[in-house]
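Numbering (my numbering), first residue to last: 186 to 473.
Simulated from the structure, these hints should not be mistaken for laboratory data.
Note that the structure is a prediction, hence the values are computed from the model and not measured.
Careful: at least some of the hints might be erroneous.
Claimed, not checked - Result set (BS3-like, lysine-lysine): computed pairs, CA atoms no more than 30 Å apart in a straight line:
(1) Lys-211 to Lys-277
(2) Lys-338 to Lys-277
(3) Lys-304 to Lys-211
(4) Lys-277 to Lys-304
(5) Lys-231 to Lys-211
(6) Lys-338 to Lys-304
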Amino acid sequence: MDIRFLQSLLAVIETGSITGAARREKLTPAAISQRIQALERSLNCKLFSRGAHSIQPTETCLALLPRARLLVRESAHLMDDALDGDLRGEVKIGAISTVLTGLLPAFIRETARQAPDLKLRLVPGSSLYLFEQLLAGALDIAILVEPPFALPKSLVGHRIRSEPLVYMTRADIVADDVLKHAAGEPFIRYDPVSWGGRIVGRYMETFDLSPDVVCDLDALETIAILVAQGLGNALVPAWQGLVPTGFNIVSASSGTTFSRNIVLLHEAIPARPNAVAFLLELLQPDDH
Numbered sequence: 186m187d188i189r190f191l192q193s194l195l196a197v198i199e200t201g202s203i204t205g206a207a208r209r210e211k212l213t214p215a216a217i218s219q220r221i222q223a224l225e226r227s228l229n230c231k232l233f234s235r236g237a238h239s240i241q242p243t244e245t246c247l248a249l250l251p252r253a254r255l256l257v258r259e260s261a262h263l264m265d266d267a268l269d270g271d272l273r274g275e276v277k278i279g280a281i282s283t284v285l286t287g288l289l290p291a292f293i294r295e296t297a298r299q300a301p302d303l304k305l306r307l308v309p310g311s312s313l314y315l316f317e318q319l320l321a322g323a324l325d326i327a328i329l330v331e332p333p334f335a336l337p338k339s340l341v342g343h344r345i346r347s348e349p350l351v352y353m354t355r356a357d358i359v360a361d362d363v364l365k366h367a368a369g370e371p372f373i374r375y376d377p378v379s380w381g382g383r384i385v386g387r388y389m390e391t392f393d394l395s396p397d398v399v400c401d402l403d404a405l406e407t408i409a410i411l412v413a414q415g416l417g418n419a420l421v422p423a424w425q426g427l428v429p430t431g432f433n434i435v436s437a438s439s440g441t442t443f444s445r446n447i448v449l450l451h452e453a454i455p456a457r458p459n460a461v462a463f464l465l466e467l468l469q470p471d472d473h
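Sequences and hints are given; from them, build the entire structure.
See the structure below:
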């Protein structure tokens with residue numbers, strides 16, 4: 186059985202379509218379909234139920250997924266072992282949006298300079314999504330908001346940076362006026378369900394701040410745009426790359442009590458230990 190066929194099977198499951206899998210695998214939809222059909226012949230079972238506009242995995246297919254993922258992962262580990270410690274091959278890095286635009290550009294340039302044979306596959310997503318992907322073995326590294334719970338023993342975390350809360354507003358105010366101003370103006374709230382948004386929620390609860398919330402949003406760059414357009418004010422972490430364009434930034438907290446910590450997580454026993462160590466050195470985490 187060709188391991189690439191299992192990779193295509195997983196791609197169809199994860200993207201939800203033959204076309205999506207083809208884009209990910211850089212193949213034609215016909216080639217993906219042929220691989221699935223070959224697997225069905227080899228396993229003597231039906232893997233998908235095909236409709237006019239959809240494709241759904243069968244119960245048999247779902248039952249096979251854990252072992253299929255394990256085989257694909259172990260195959261990747263075997264290839265990694267064959268690299269014998271060289272900085273070659275692919276490393277899958279998940280990152281939240283502000284890390285992708287703030288931290289990673291310089292990191293990508295430096296990786297290309299120091300390890301040109303190391304290929305980075307970047308996966309965007311929310312902190313929760315990336316955490317789950319790392320646990321599932323779909324990522325080598327995840328850079329996200331520090332989880333609001335203790336890490337499982339299977340993972341190791343390194344703090345990359347700490348981002349204190351700031352107040353975004355078009356008004357010309359000083360730090361001492363933040364609470365009073367926020368209480369009387371429309372407010373765009375960093376989604377309290379998100380890990381980063383919980384920090385803002387804790388701040389608001391601590392200072393008994395109950396503004397007129399226009400909307401909740403887990404997209405800091407978009408929040409900045411809405412503030413610049415005069416739709417409201419916001420409390421956000423001072424992420425790397427934040428530039429006040431059309432609004433002012435006022436300090437809202439001092440110390441670390443109300444800061445968003447960005448962490449790099451990886452498996453306690455990484456599949457690519459040398460690559461992970463190299464990338465950690467480039468990012469220079471606080472505890473490194």
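Verification of the supplied hints:
For a cut-off of 30 Å, the pair hint linking Lys-211 to Lys-277 stands: about 17 Å separates their Cα positions. In summary, the hint linking Lys-338 to Lys-277 is supported, as the alpha carbons are separated by about 21 Å, within the 30 Å threshold. For the hint pairing Lys-304 with Lys-211, the CA-to-CA distance comes to about 16 Å; that is within 30 Å, so the pair holds. At roughly 9 Å between alpha-carbon atoms, Lys-277 and Lys-304 fall within 30 Å of each other, so this suggested pair holds.
For a cut-off of 30 Å, the pair hint linking Lys-231 to Lys-211 stands: about 24 Å separates their Cα positions. For a cut-off of 30 Å, the pair hint linking Lys-338 to Lys-304 stands: about 28 Å separates their Cα positions.
Checked against the numbered hints listed earlier, the structure breaks none of them; every hint is satisfied.
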